[in-house]
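In terms of our numbering, the sequence shown opens at residue 237 and continues consecutively.
Simulated from the structure, these hints should not be mistaken for lab results.
This one's a predicted model, so the numbers in the text were calculated from it and none came from an experiment.
Accuracy of the hints is not assured; some may be wrong.
[Said to hold, decoys possible] Below, a list of computed lysine to aspartate or glutamate pairs in the EDC-like style, where the Cα atoms sit at most 20 angstroms apart: (1) K246 - D300; (2) K246 - E310; (3) K319 - D242; (4) K319 - E239; (5) K246 - D314; (6) K246 - D323; (7) K319 - E275.
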Amino acid sequence: MSEEVDNQYKLALYDELPVLRGHASICGFAFYQVQDALEAEAWTSSTADAFSTALGEHHRTAGDAGGSAGTALENRYDSEPDKVPADDARAHWAG
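Assemble the whole structure, with the sequences as input and the hints as a guide.
Structure (structure tokens):
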């Protein structure tokens, strides 16, 4: 039987979880900043109203996509073994 070593792929997935959450947080903050400005009447017109409606939809879909990506990454992490054979590609994962 082959020696088992740390699963570098699983460790790389773990390292990416906070990065993904950070990007999602930054994106969400940007959407909120623009929505707040629009609600404070920084731009008022029928075009601004259409933009605001579209922005709200993009904010929702971006949040859904971010949540799905986070869940997929977490599920993949959870399904990976902690140890793999030394000759497994995941033992030498370099990202």
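These are the hints, each one checked on the structure:
This hinted pair does not check out: K246 and D300 have alpha carbons roughly 24 angstroms apart, beyond 20 angstroms. With a C-alpha separation of about 10 angstroms, the suggested pair K246 and E310 falls inside the 20 angstroms cut-off, and the hint holds. Between K319 and D242 the CA atoms are separated by roughly 5 angstroms; this keeps the pair inside 20 angstroms, and the hint holds. Distance restraint check for K319 and E239: the Cα-Cα separation of roughly 10 angstroms lies within the 20 angstroms cut-off, and the hinted pair is therefore satisfied.
As the CA atoms of K246 and D314 are separated by approximately 9 angstroms, the hinted pair is consistent with the 20 angstroms bound. The suggested pairing of K246 with D323 holds, with an alpha-carbon distance near 15 angstroms, which does not exceed 20 angstroms. The suggested pairing of K319 with E275 is violated, with an alpha-carbon distance near 52 angstroms, which exceeds 20 angstroms.
Checked against the numbered hints given earlier, the structure breaks hints 1, 7 and satisfies all the rest.
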